[in-house]
Amino acid sequence: MTAISDRTKLAYANAQAADGRVNLEFETDDGMTLNMGPQHPATHGTLRIVVKLDGEQVVSCEPIMGYMHRGYEKLTEVRTYPQVTTLVNRIDWLGSFANEVPFILAAEKLMDIEAPPRAQWIRTILFELSRIANITLFVGDMALHIGAATAAFYAFRDREFVLNQIEAATGGRFHPNFNRIGGIKDDLPKGWIADTKASLDKIRNFCDEMETLVEGNEIFQARTRGIGVIPADVALAYGLTGANLRASGVDWDLRRDNPVGLAWDQVDWKVWTHPDGDSFSRFWVRLQEIREATKIVDQLLDALPPGPIMAKVPRIIKVPEGEAWVATENPLGEMGYYVVSKGDLGPFRVKIRTASFNNIAVVPWVARGVYLPDVVTILASLYFILGDIDR
Amino acid sequence: MSSADTTDTTTATATDEAREEIVAILTEELGEAVVGTHIHPGDDLWVRVTRDTWREAGIVARERLGFRAFEFLSAIDWLPSPFGKNEDSPTDAPPEPKTEIVTGYAGGDTRFQVFARVHSHSRKLGLTLKVDIPDDDLSIVTWLPVYAGVNWHEREVLEMFGITFVGHPYLLNLYLPGEFEGHPLRKDFPLLARHVKPWPGIVDVEPMPSDDGAAESEDVAE
Chain A
2 MTAISDRTKL AYANAQAADG RVNLEFETDD GMTLNMGPQH PATHGTLRIV
52 VKLDGEQVVS CEPIMGYMHR GYEKLTEVRT YPQVTTLVNR IDWLGSFANE
102 VPFILAAEKL MDIEAPPRAQ WIRTILFELS RIANITLFVG DMALHIGAAT
152 AAFYAFRDRE FVLNQIEAAT GGRFHPNFNR IGGIKDDLPK GWIADTKASL
202 DKIRNFCDEM ETLVEGNEIF QARTRGIGVI PADVALAYGL TGANLRASGV
252 DWDLRRDNPV GLAWDQVDWK VWTHPDGDSF SRFWVRLQEI REATKIVDQL
302 LDALPPGPIM AKVPRIIKVP EGEAWVATEN PLGEMGYYVV SKGDLGPFRV
352 KIRTASFNNI AVVPWVARGV YLPDVVTILA SLYFILGDID R
Chain B
4 MSSADTTDTT TATATDEARE EIVAILTEEL GEAVVGTHIH PGDDLWVRVT
54 RDTWREAGIV ARERLGFRAF EFLSAIDWLP SPFGKNEDSP TDAPPEPKTE
104 IVTGYAGGDT RFQVFARVHS HSRKLGLTLK VDIPDDDLSI VTWLPVYAGV
154 NWHEREVLEM FGITFVGHPY LLNLYLPGEF EGHPLRKDFP LLARHVKPWP
204 GIVDVEPMPS DDGAAESEDV AE
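Protein chains in written order, with this note's numbering: chain A, 2 to 392; chain B, 4 to 225.
By construction, these hints were calculated from the structure, which means they are not laboratory data. Check the hints yourself; a few may be wrong.
To be verified - Footprint (simulated), chain B over chain A, 3 or more residues, beta carbon under 8 Å:
{"hint": "1", "region": "66–76"}
{"hint": "2", "region": "144–155"}
{"hint": "3", "region": "252–262"}
{"hint": "4", "region": "316–329"}
{"hint": "5", "region": "348–355"}
{"hint": "6", "region": "359–372"}
Glycine residues also receive a C-beta, built at the ideal position from the N, C-alpha and C atoms.
Full structure from sequences and hints, please.
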């Protein structure tokens, strides 16, 4: 009972604070309220966390979002289908290409067309490259939050090699906007395959480096092992997905279990899980994921099928009436679009299910009772992008 | 690839039976409360239940059917937008505004519907549950005891659609400021940016790549 009334009080304070009248009661009878963010380095943007403390232990905490809400669900209702990809690019800005894919697949599903194999393979390759670019940054960033700044510099350096390849293929470093309904915009440029293979080698080196520099580090392990444990059942009830779910021991990866037309089922790779569910295991699973992504891209590049890159689609795209849900395994977790079409040029309603929104919802549960510095490591290990929460 | 194709068809029929089984179990548990179903064979499943059994449907899905993973909960406003879709040229005459409410899969009788998506890792398929919300009483019982992750989703639906969740202990705006008026995702809430500066319409259409485009270009990777 007290827990709920505490939270009610706290949530009220949050709502007040979010209005811009930032006057929290900092000293109360039963502890202290501390405000992390909106510009705390651990929050990757403008997430704000109000933590209620008893000494150094967290009694309760409440994330406050909305500083970056851009209303994409409303905006999609006045856009045409091809225009929506430009919007959804900006949701998770570190893995932009991966954001477009499920929306395009949902539109293709409603139109009952399928992109040709070569387009699907190139989509998968770029999808995995954006995963590498995204998670590489996570590895450096997580170490940075523990206090090891060196890894962050390596991460930014090595991520650049992958971003260069994405830019060479799509023209955009961060926002490719490369998917079209029925295929992709262009074919891969000349010499791209060899360059990409070279950059994958650098990424594999980076993984080895990080394994010794960060993962094997005694301080890193002390700060992450056994901290922020999320059991599998809690993870499922909160809708955690991606590496956060696999780090809780649930063997689930949409790339393997529901490949939705892309080429993941054509190559040999492995889904890694970890039984512990703590901050360390989330880091570990993600590091393995980079390795697996390099394997996937390597194999796909070796066996890239020839052929066209666009299916036959009308010039003006009208999507038939219907509802479709397509989700893919994005760098941050499962991202899906529930598209409702009325047969118009644009969607009637799009519900955007983002991974970070659900992943961060577990923070009040997992941070209860931990020490304040561990809140930072838990947030870093859950890995979120603000644009992915606020949409 | 022919062998892969054959396996695909067999799994398609298998999962289809699996979906019919789910509908059968839901009907067995909830009786007449299952008011609408829609199956895309081998693809997806929609079930609409009555408002009174919304929580029971969630419990049956989670406990008996094994849909333990929660994906999302949201709402939809089926009213056609009174402002049109702003995709027509400003010089043309505006199209006749539609007023008829046409709902989607699994039917519906009301303007607002709440829908939620749950997933079963053991069955390897998902389920979309829908429920009608009558206009004169925009409220529904919370799913918080069923799926803990529903918390923020319900708060988002509250502020975006104005639908109350009975039994939710901290129903406050999630994104919007406290005294914000209106519910932005309702269709009758205008998108002001488009009223200040009208949409120019579709002015440039990107040319499609030609069929032999890949073959004639020398810059293409092998």
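Hint check results:
As drawn, the region 66–76 of chain A meets chain B at 7 residues by the rule of a beta-carbon pair under 8 Å; at three or more, the given contact holds. Interface restraint, the region 144–155 of chain A with chain B: violated (0 residues with C-beta to C-beta distance below 8 Å; minimum three). Remark: the region 252–262 of chain A is confirmed as covered by chain B, as 3 of its residues place a Cβ nearer than 8 Å to a Cβ of that chain, reaching the required three. For the region 316–329 of chain A, the proposed coverage by chain B is satisfied: 7 residues have a C-beta within less than 8 Å of a C-beta in that chain, meeting the threshold of three.
Counting residues of the region 348–355 of chain A whose C-beta lies closer than 8 Å to any C-beta of chain B gives 3; at least three are required, and the coverage claim holds. For the region 359–372 of chain A, the proposed coverage by chain B is satisfied: 4 residues have a C-beta within less than 8 Å of a C-beta in that chain, meeting the threshold of three.
Comparing the model with each numbered hint stated earlier shows that hint 2 is the single one that does not hold.
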